[in-house]
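Protein chains in written order, with the numbering used here: chain Y, 3 to 167; chain W, 3 to 167; chain F, 3 to 167; chain Z, 3 to 167.
Treat the hints as calculated values from the structure; they're not laboratory data. Virtual Cβ for every residue (Gly too), placed ideally from N, Cα, C. Do not take every clue at face value.
To be verified - Pulled from the structure, derived: some chain Y residues nowhere near chain W, Cβ distances all over 10 Å:
1. Ser26
2. Ser29
3. Glu34
4. Gly80
5. His96
6. Ala100
7. Glu118
8. Glu141
9. Val148
10. Pro149
11. Val150
12. Ser152
13. Ala162
14. Arg166
As the list claims (entries may be wrong) - Ranges of calculated distance between the beta carbons of each label pair, as one might list FRET restraints:
15. Y:Leu164 <-> Z:Asn151: 55 to 65 Å
16. Z:Glu155 <-> W:Asp81: 39 to 49 Å
17. Y:Pro145 <-> Z:Leu164: 44 to 54 Å
Number of protein chains: 4
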Amino acid sequence: MSTLKEPTSANAEKTIYLAVIGASKASPEIYELAVAIGREAARRGWVVVTGGLGGVMEAAARGAREAGGLTLGILPGGDRGEANPYIQVAVATHIRHARNSIIAHTADALIAVDGEYGTLSEIALGLKLGKPVIGLKTEWKIPGVVPVNSPNEAIEKAIALLKRG
Amino acid sequence: MSTLKEPTSANAEKTIYLAVIGASKASPEIYELAVAIGREAARRGWVVVTGGLGGVMEAAARGAREAGGLTLGILPGGDRGEANPYIQVAVATHIRHARNSIIAHTADALIAVDGEYGTLSEIALGLKLGKPVIGLKTEWKIPGVVPVNSPNEAIEKAIALLKRG
Amino acid sequence: MSTLKEPTSANAEKTIYLAVIGASKASPEIYELAVAIGREAARRGWVVVTGGLGGVMEAAARGAREAGGLTLGILPGGDRGEANPYIQVAVATHIRHARNSIIAHTADALIAVDGEYGTLSEIALGLKLGKPVIGLKTEWKIPGVVPVNSPNEAIEKAIALLKRG
Amino acid sequence: MSTLKEPTSANAEKTIYLAVIGASKASPEIYELAVAIGREAARRGWVVVTGGLGGVMEAAARGAREAGGLTLGILPGGDRGEANPYIQVAVATHIRHARNSIIAHTADALIAVDGEYGTLSEIALGLKLGKPVIGLKTEWKIPGVVPVNSPNEAIEKAIALLKRG
Chain Y
3 MSTLKEPTSA NAEKTIYLAV IGASKASPEI YELAVAIGRE AARRGWVVVT GGLGGVMEAA
63 ARGAREAGGL TLGILPGGDR GEANPYIQVA VATHIRHARN SIIAHTADAL IAVDGEYGTL
123 SEIALGLKLG KPVIGLKTEW KIPGVVPVNS PNEAIEKAIA LLKRG
Chain W
3 MSTLKEPTSA NAEKTIYLAV IGASKASPEI YELAVAIGRE AARRGWVVVT GGLGGVMEAA
63 ARGAREAGGL TLGILPGGDR GEANPYIQVA VATHIRHARN SIIAHTADAL IAVDGEYGTL
123 SEIALGLKLG KPVIGLKTEW KIPGVVPVNS PNEAIEKAIA LLKRG
Chain F
3 MSTLKEPTSA NAEKTIYLAV IGASKASPEI YELAVAIGRE AARRGWVVVT GGLGGVMEAA
63 ARGAREAGGL TLGILPGGDR GEANPYIQVA VATHIRHARN SIIAHTADAL IAVDGEYGTL
123 SEIALGLKLG KPVIGLKTEW KIPGVVPVNS PNEAIEKAIA LLKRG
Chain Z
3 MSTLKEPTSA NAEKTIYLAV IGASKASPEI YELAVAIGRE AARRGWVVVT GGLGGVMEAA
63 ARGAREAGGL TLGILPGGDR GEANPYIQVA VATHIRHARN SIIAHTADAL IAVDGEYGTL
123 SEIALGLKLG KPVIGLKTEW KIPGVVPVNS PNEAIEKAIA LLKRG
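Looking at chain Y on its own, in the form it has when it is part of the complex (with noise of 0.2 Å):
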């Protein structure tokens, strides 16, 4: 049985919490995109929440845990075994794509990476909720949604969108 020790302050409302998301599969170009975003945004000390999955969500998960971040994994199904190696707090809903809802809420900021329709309904939610919502390599023109050519671009606009926020 492993163990999370030594997490530090715990104020659950100060900390920024970034979603990425994007679909289950990802090209090796899309993956490594969505590394960097996670590896940028725990350096900052965010929360890297995703769907828990594989593709964009593992590789954010990823990056994140690479840079010593938090993970948090919102699952469609009801076991935490579904998550990918690399969420280190696992939410088992077992309420499939009702939980887009629950990651939209979650959110400070959402980042896009590529992503296909379960991705836009995570957009559109984001929106409504009057979110931040980044878009780096999405296909659909959605209104509100602010695109990016980075990475890095793609944190500093949420930077920059939480602070008028």
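Chain Y is fixed; fit chains W, F and Z onto it per the hints.
Chains W, F and Z alone, transformed into the frame defined by chain Y:
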């Protein structure tokens, strides 16, 4: 902005998640019992899961944090700010009482301390899912709930039942 | 393709919605009791709400349909096809046990017939929401549940408690 | 207390459920389009599913009721009383935006009329589930959404796509 920099190992599957369930208001006696359960769970490296609000939920998270443990709050509302100050990782579900099912799915075992009807629904769902459910100072006599007389006995029973499972 | 052409008045607020809750397997005796409750509810123009599956859920819907009533099934899965054949309006939630909370919210009163742990979670949520909860052949002694000895007594108690509410 | 006495056939699986999705506020033009869709759906014996609130949701239910159809409202809140007056069967989910996923699961096909971000999340989930999604006056260009120019064309497209499915 606070940071969560030093969590160690990340295996969300093998770490034990203990739900401590109970009402959002607690007498000093009940509060102390829940603090002790949270503390003992954290000493064993377990993640302490609660509904994130006051009373027993706050007490268990407080005990866990004081022992350096990780605390996960699965909130009924849509805002992480409703978490008690001892919740380190907050999930804003906004699905109200339906989040009780997420607590039952996410936990490996559940310990009820006293409790009202919301607690009873979590006890029932834990039993439905075949998880160990332990009751300390719970008034209902529900077949399947293992009654105990102290926080230590609660933890020892949880260990014994998880080994068997 | 079948049709649902003749429902009359539409006021979803004033019509009484009765949840009949119980296990997905039922002995012939329990099944008959649930049929009778569904029938009596439908005779009074009530909508009969269930979890949409077999056993007590099927029996209550069957009784209601035989008396010309409207039956609403709030299913755990994502496919309306899992509804029993007596469900007239099916809702495919795909949120599994979390749908128990929807049943409790949607109903004005709940009648449990026998029942297992899933039923107990619905009893608890009904009580949490302050709704009349009536138990016929339920084994647990839960303060707040009104025990009755027959389908007719269950319906009469529901009427009395709804008038008071 | 009103009654719902005369629904005819009960097969929840074979009846077509059409979700009409759109914003809770609607211009007179959009409102009329949604009324027409609801009316045409009801004439074909379909159940009209909506989120149960105002605007497009109200309009579609109104059109369906005027044609004698059955209307199902899947509400975000925990009280059936928030349903618009044209909802015949109301489901009080209390899971807020997460109920959008239930609408997508419950419907065989979805027609969006105009719409805001909540609608977009339902479009995305409908597409994710492989269901026909038709857009009338929707501003986003989402691959997979079938654009149409009139209520009649929307219904005809739904019929064609459901036959193929």
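- Message: According to the definition I'm using, a residue is off the interface if its beta carbon is farther than 10 Å from all beta carbons of the partner; does Ser29 (chain Y) meet that for chain W?
- Response: Given that every Cβ of chain W is farther than 10 Å from that of Ser29 (chain Y), nearest at about 25 Å, it holds.
- Query: For Ser26 (chain Y), is the shortest beta carbon distance to chain W beyond 10 Å?
  - Reply: Correct as stated: the minimum Cβ-Cβ distance to chain W is 17 Å, above 10 Å.
- Query: Once the closest CB in chain W is found, is it more than 10 Å from Ser152 (chain Y)?
  - Reply: Fine: 23 Å to the nearest Cβ keeps Ser152 (chain Y) off the interface.
- Query: Regarding the assertion that Val150 (chain Y) does not contact chain W, is the least Cβ-Cβ distance greater than 10 Å?
  - Reply: holds (22 Å)
- Could one say that the CB atoms of Leu164 (chain Y) and Asn151 (chain Z) fall in the range 55 to 65 Å? At roughly 41 Å between Cβ atoms, Asn151 (chain Z) and Leu164 (chain Y) fall outside 55 to 65 Å, so the hint is violated.
- Item | Beyond 10 Å from each Cβ of chain W, as asserted for Ala162 (chain Y) | Non-interface label on Ala162 (chain Y) holds, nearest chain W Cβ at 15 Å vs cutoff 10 Å.
- Does the Cβ distance between Glu155 (chain Z) and Asp81 (chain W) fall inside 39 to 49 Å? holds (42 Å)
- Task: Would you check whether the claim that Ala100 (chain Y) is not at the interface survives, using Cβ distances to chain W and the 10 Å cut-off?
- Result: With a cut-off of 10 Å, Ala100 (chain Y) comes too close to chain W, as the shortest Cβ separation is near 8 Å.
- Kindly confirm whether 44 to 54 Å is satisfied by the beta carbon distance between Pro145 (chain Y) and Leu164 (chain Z). violated (31 Å)
- Taking C-beta pairs only, is Glu118 (chain Y) more than 10 Å away from all of chain W? holds (24 Å)
- His96 (chain Y): least C-beta distance to chain W exceeds 10 Å? Non-interface label on His96 (chain Y) violated, nearest chain W Cβ at 5 Å vs cutoff 10 Å.
- Is the nearest Cβ of chain W still more than 10 Å from the Cβ of Pro149 (chain Y)? With a cut-off of 10 Å, Pro149 (chain Y) remains clear of chain W, as the shortest Cβ separation is near 26 Å.
In the structure shown, a violation is registered for the earlier hints numbered 4, 5, 6, 15 and 17, in ascending order.
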